[in-house]
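Visitor: The lines below spell out each chain.
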Amino acid sequence: MFVDQLINGIVLGSIYALMAIGYTMVWNVLRFINFAHGEVYMGGAFVSLYLLLLDTPIWLAYLGGVCAGAFLGYLMEKVVYMRMRKAPKLNLLIAAIGISIVLQNVAQYIWGATPERLNSPFLSKNFTIADMEINQHYVFIIILTILVMIVLELFMNRTLMGKAVQAASQDINATQLMGINANKIISITFAIGSAVGALAGILVGPVFLVYPTMGVFAGLKGFTASVMGGMGNIPGAMIAGLLLGIIESFAAGFISSGYRDAVAMVILLFILLVRPQGIFGKIIQQKV
Amino acid sequence: MIQTNKTVYRKFLLILGVIALFFLPLAVTNPYVMYVINLILIYTLLALGLDLIVGYTGQVSVGHGAFFGIGAYVAAILSKNLGFSFWVNLPLSIILTALIGFIIGFIGLKLIEEYLVMATLAFGTIIWLVFLNWTDLTGGPMGIAGITPPPPIKIGTFEFVFFQYQDYYPLLLLFVFLGILVTRLIIRSGFGRACTAIRDDELAAQSMGIPVFKTKVIMFTISAAFCGAAGALYAHFLRVVSPETFTFSMSVTILTMVMIGGQGSIAGAVIGASILTVSSEALRETPELRMIIYGFLIVVMIMFFPKGIMGLFQLVKRRLQKRTIQTPETTPEKEGLSYEH
Numbered sequence: 009m010f011v012d013q014l015i016n017g018i019v020l021g022s023i024y025a026l027m028a029i030g031y032t033m034v035w036n037v038l039r040f041i042n043f044a045h046g047e048v049y050m051g052g053a054f055v056s057l058y059l060l061l062l063d064t065p066i067w068l069a070y071l072g073g074v075c076a077g078a079f080l081g082y083l084m085e086k087v088v089y090m091r092m093r094k095a096p097k098l099n100l101l102i103a104a105i106g107i108s109i110v111l112q113n114v115a116q117y118i119w120g121a122t123p124e125r126l127n128s129p130f131l132s133k134n135f136t137i138a139d140m141e142i143n144q145h146y147v148f149i150i151i152l153t154i155l156v157m158i159v160l161e162l163f164m165n166r167t168l169m170g171k172a173v174q175a176a177s178q179d180i181n182a183t184q185l186m187g188i189n190a191n192k193i194i195s196i197t198f199a200i201g202s203a204v205g206a207l208a209g210i211l212v213g214p215v216f217l218v219y220p221t222m223g224v225f226a227g228l229k230g231f232t233a234s235v236m237g238g239m240g241n242i243p244g245a246m247i248a249g250l251l252l253g254i255i256e257s258f259a260a261g262f263i264s265s266g267y268r269d270a271v272a273m274v275i276l277l278f279i280l281l282v283r284p285q286g287i288f289g290k291i292i293q294q295k296v
Numbered sequence: 017m018i019q020t021n022k023t024v025y026r027k028f029l030l031i032l033g034v035i036a037l038f039f040l041p042l043a044v045t046n047p048y049v050m051y052v053i054n055l056i057l058i059y060t061l062l063a064l065g066l067d068l069i070v071g072y073t074g075q076v077s078v079g080h081g082a083f084f085g086i087g088a089y090v091a092a093i094l095s096k097n098l099g100f101s102f103w104v105n106l107p108l109s110i111i112l113t114a115l116i117g118f119i120i121g122f123i124g125l126k127l128i129e130e131y132l133v134m135a136t137l138a139f140g141t142i143i144w145l146v147f148l149n150w151t152d153l154t155g156g157p158m159g160i161a162g163i164t165p166p167p168p169i170k171i172g173t174f175e176f177v178f179f180q181y182q183d184y185y186p187l188l189l190l191f192v193f194l195g196i197l198v199t200r201l202i203i204r205s206g207f208g209r210a211c212t213a214i215r216d217d218e219l220a221a222q223s224m225g226i227p228v229f230k231t232k233v234i235m236f237t238i239s240a241a242f243c244g245a246a247g248a249l250y251a252h253f254l255r256v257v258s259p260e261t262f263t264f265s266m267s268v269t270i271l272t273m274v275m276i277g278g279q280g281s282i283a284g285a286v287i288g289a290s291i292l293t294v295s296s297e298a299l300r301e302t303p304e305l306r307m308i309i310y311g312f313l314i315v316v317m318i319m320f321f322p323k324g325i326m327g328l329f330q331l332v333k334r335r336l337q338k339r340t341i342q343t344p345e346t347t348p349e350k351e352g353l354s355y356e357h
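Those sequence lines, one after another, are chains A and B. Under this note's numbering, read the first sequence as residues 9 to 296, first letter to last. Under this note's numbering, read the second sequence as residues 17 to 357, first letter to last.
Possibly wrong hints are sitting among the right ones.
Pairs of lysine to aspartate or glutamate, EDC-like flavour, derived with a Cα cap of 20 Å [as the list claims (entries may be wrong)]:
{"id": "1", "chain 1": "A", "residue 1": "Lys97", "chain 2": "B", "residue 2": "Asp216"}
{"id": "2", "chain 1": "A", "residue 1": "Lys97", "chain 2": "B", "residue 2": "Asp217"}
{"id": "3", "chain 1": "A", "residue 1": "Lys97", "chain 2": "B", "residue 2": "Glu218"}
{"id": "4", "chain 1": "A", "residue 1": "Lys94", "chain 2": "B", "residue 2": "Glu260"}
{"id": "5", "chain 1": "A", "residue 1": "Lys94", "chain 2": "A", "residue 2": "Asp179"}
{"id": "6", "chain 1": "A", "residue 1": "Lys97", "chain 2": "B", "residue 2": "Glu129"}
{"id": "7", "chain 1": "A", "residue 1": "Lys94", "chain 2": "B", "residue 2": "Glu129"}
{"id": "8", "chain 1": "A", "residue 1": "Lys94", "chain 2": "B", "residue 2": "Asp216"}
{"id": "9", "chain 1": "A", "residue 1": "Lys94", "chain 2": "B", "residue 2": "Asp217"}
Away from chain B, derived, C-beta distances all over 10 Å, residues of chain A [stated by the list, open to error]:
{"id": "10", "residue": "Ile66"}
{"id": "11", "residue": "Leu71"}
{"id": "12", "residue": "Glu161"}
{"id": "13", "residue": "Val215"}
{"id": "14", "residue": "Phe231"}
{"id": "15", "residue": "Pro243"}
I should point out that these hints are in silico values taken from the structure, not numbers from a laboratory. Note that the Cβ used here is the ideal one computed from N, Cα and C, for glycine as well.
Given the sequences, and given the hints that come with them, work out the whole structure.
Guide: Laid out in structure tokens, this is it:
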């Protein structure tokens, strides 16, 4: 029972960590929370589901979903956010809410509201370790999440592009003065963050099903994780995501499953109240 | 002299119009039309409340649907379980909603603008889950039915009853006018000006000595109280409340009203509430399509006309004036690429 909950928690946590990366990366570059990030998660899962219906091989369907998610994020930025660079942050936020509503309901219009299961080659198989059955898909999620984090860490620290993203995170205006194309960096950030978010949605599909509003709670919890980790702190977001998943899993198992989604919300409110800069964050100094 | 005559004349017309509005049920006999008009009035109250914090203070909340819900459920529970009448429930609803609004504002307004959005979203979700799961108190997914209408009031030989839609209308109208009056009083006071200063430039406001956090929290509390009042009115109007009314999409609908009508404008709140209520009644059969249109409208309005329909009116008006008086227009422009202050 205890170990079961722990594994569930780690799996959930991996998903939240992947979601949190998207929020944190965009926050770093633009100082704005992409409220529509949850819809990228949903969109990626739906595209994979659709590709599978067309008899695409599973790996290609997954990859297609990730690419579609990246493209969706890129499109959002190009069509809406880029045109609003000079607008107050408040307006961007409202635009993001609007995008999120449109995408959710377009998905519902096309695919209907009934939850559907995304196929996974590992779902029906189990590992047996010391009398314990562990679903192979869970292991797949955990391994893939770790892999994504390692790749992302390498990209950010070892490649020129990653360093440009880091520079943009520190000061986007100065970055531009140094001859880096800021718009390109912003696009890349959106694409990467969205690709990771879409991957989370696709990985969740076989376990928690795919439906139009799946991104709402996942988005909120991903955001909670990014706040817990300290807004803008990528490793912090990963650890906080895992932590959140484990806490939620235990709370749902031992308290009440009806209030399962409320657990993360209460944690979010608590964090905002007690330590708004996050567990691993520093206090942000506002500059004139 | 001509000018003052004109304003007196205008005021006279306005008062006449207001009085005429109270007699609307005499002209409208169709109960469904009356029902829609009543809904518009309730939504106007909600939009006015949200506009106080979004339009005048520049803080976005996506939890006002939950405040509306709390107001409605408090009234419903008090009426059903304790047999309290509307006149007792209304102030209690307002007080409780304001109190919860204060707590949420206190949590959400602390650090970054976006935190309020997330805090209100989290709060709205929690409240919705409570409505849905606390079956003993809220009736769960079935909600609460059989809320009593407000008891009749006797003034002299006149007796006001509130059984039918056309009876309820004057009561709602009265509260909307009260809401407009309170909004005007607030925004024209020193406190209201402090709020607009915070909206326009928070750091500048702070250096002028405005207690930013305190001002925002107070305004958020007032804003929540408006929704509490609307909730109590709604519960006693429909006499049934159920959780699906008070989801996230309710919060978004109210926000859309404010955005479409025009932030920071009383007329905007009225216009937004009217347009959205009528269009949502017209699109009743296809809710997804309705929400797609709402979302699309939000994005387009905020990108191209961030001041909404009232902003468009003012733009046209200014253009016309410019043609006659030829005054150079100065618009402050913000420099820089990022969204940072």
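Visitor: Now tell me, hint by hint, if it's right for this structure.
Guide: Tested hints:
Pair hint Lys97 of chain A plus Asp216 of chain B holds up; C-alpha atoms about 12 Å apart against a cutoff of 20 Å. Only pairs whose Cα atoms come within 20 Å are accepted, and Lys97 of chain A paired with Asp217 of chain B is accepted, the gap being roughly 12 Å. Between Lys97 of chain A and Glu218 of chain B the alpha-carbon distance is near 13 Å, which keeps this suggested pair within the 20 Å criterion. Our distance criterion of 20 Å between C-alpha atoms is broken by Lys94 of chain A and Glu260 of chain B, whose separation comes to about 38 Å.
The suggested pairing of Lys94 of chain A with Asp179 of chain A holds, with an alpha-carbon distance near 16 Å, which does not exceed 20 Å. Annotation: proposed proximity of Lys97 of chain A to Glu129 of chain B holds, straight-line Cα distance about 8 Å (limit 20 Å). With a C-alpha separation of about 17 Å, the suggested pair Lys94 of chain A and Glu129 of chain B falls inside the 20 Å cut-off, and the hint holds. A hinted pair counts as satisfied when its Cα atoms are at most 20 Å apart, and Lys94 of chain A with Asp216 of chain B qualifies at roughly 14 Å.
Proposed proximity of Lys94 of chain A and Asp217 of chain B is supported: the alpha carbons are some 15 Å apart, at most 20 Å. Every C-beta of chain B lies more than 10 Å from that of Ile66 of chain A, the closest at about 30 Å, which supports listing it as non-interface. Distance to chain B confirms Leu71 of chain A as a non-interface residue, since its nearest Cβ pair spans about 29 Å, more than 10 Å. Non-interface call for Glu161 of chain A relative to chain B: holds, since the shortest CB-CB distance, roughly 25 Å, exceeds 10 Å.
Its beta-carbon lying about 21 Å from the closest one in chain B, Val215 of chain A satisfies the requirement of being farther than 10 Å from that chain. With a cut of 10 Å on Cβ distances, Phe231 of chain A falls inside the contact zone with chain B, its closest approach being about 6 Å. With a least beta-carbon separation of about 21 Å from chain B, Pro243 of chain A lies farther than 10 Å from that chain, consistent with its non-interface assignment.
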